[in-house]
Amino acid sequence: MSAPRIVVLTGAGISAESGVATFRDSGGLWEGNRVEDVATPEGFDRDPDLVIGFYDARRRAVASARPNAAHLALARLEGAVGDRLLVVTQNVDDLHERAGSERLVHMHGELHSALCTTCGVRRRCDAELAGRPPCPVCGHRTLRPDVVWFGEMPYGLDRIEQAVLACDVFVSIGTSGAVYPAAGYVALAAAFGARTVELNLEPSDAAVPFDDARTGPATVLVPAWVDEMLSASSKR
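Quick note: the sequence shown uses the numbering used here, first residue 1, plus one each step.
What the hints contain is simulated information worked out from the structure, not anything from laboratory work. Among the hints, erroneous ones may be present.
Stated by the list, open to error - Each pair of labels, with its calculated beta carbon distance range:
id	residue 1	residue 2	range
1	ALA61	ALA187	30 to 38 Å
2	GLU161	PRO133	32 to 40 Å
3	GLU31	ARG123	23 to 31 Å
4	CYS119	VAL220	33 to 41 Å
5	GLU102	GLU228	17 to 25 Å
6	THR118	ALA61	25 to 33 Å
7	ASP227	GLU36	36 to 44 Å
Built from N, CA and C at the ideal position, the CB exists for glycine as well.
Use the sequences and the hints to build the structure in full.
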């Protein structure tokens, strides 16, 4: 019998244990900035230098972070089940990739990518955007962070939805369950018969209860869950 089809949704909680700052604090600030100023198209229009500087700084900070045991465990699971696994991340860091994950969708964009506001091309970019490098396609110096802001459409929604509809197991790791469309995936998976699992530091705000909800650090919970999945698969 083949391995189950698995969709794993990851949020800020999985990267927090690598020292990556979470999205916002209780005051509605993101690393000391108002979310409206650094995570909306309107904020970028008002002060592009502030926004570009903010994401350049985040890119530098992430460069010094390292994948943790949770990232590595998911890469190990992919190595065992291959295309039966899809990781959907709300994170804009590259820790999943550096851990070895390849079947991955960054639904909220990536720090190591730039979007040209003139021609719409998305390309990997490790350079600091504060220097206003030219677009590699059209040549205009109109690159912005390739990060999905409030009011913008997340990436890969069709692929994600198809995977969620077809999965046998849906797992949510380190996410609050408060931001849509990601927050709706557990209900969609459950409606189509998937077993749902939450691995989180504390219970999320998901509207639909998970079949199995475990609380604790991702670096402890995720490797243990992966070991369970691999053990079960070996007995099939």
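These are the hints, each one checked on the structure:
1. ALA61 with ALA187: 30 to 38 Å: Check passed, 34 Å falls within 30 to 38 Å.
2. GLU161 with PRO133: 32 to 40 Å: Holds - the Cβ-Cβ distance for GLU161 and PRO133, about 35 Å, lies within 32 to 40 Å.
3. GLU31 with ARG123: 23 to 31 Å: holds (26 Å)
4. CYS119 with VAL220: 33 to 41 Å: violated (45 Å)
5. GLU102 with GLU228: 17 to 25 Å: holds (23 Å)
6. THR118 with ALA61: 25 to 33 Å: Distance hint for THR118, ALA61 holds at roughly 28 Å.
7. ASP227 with GLU36: 36 to 44 Å: holds (42 Å)
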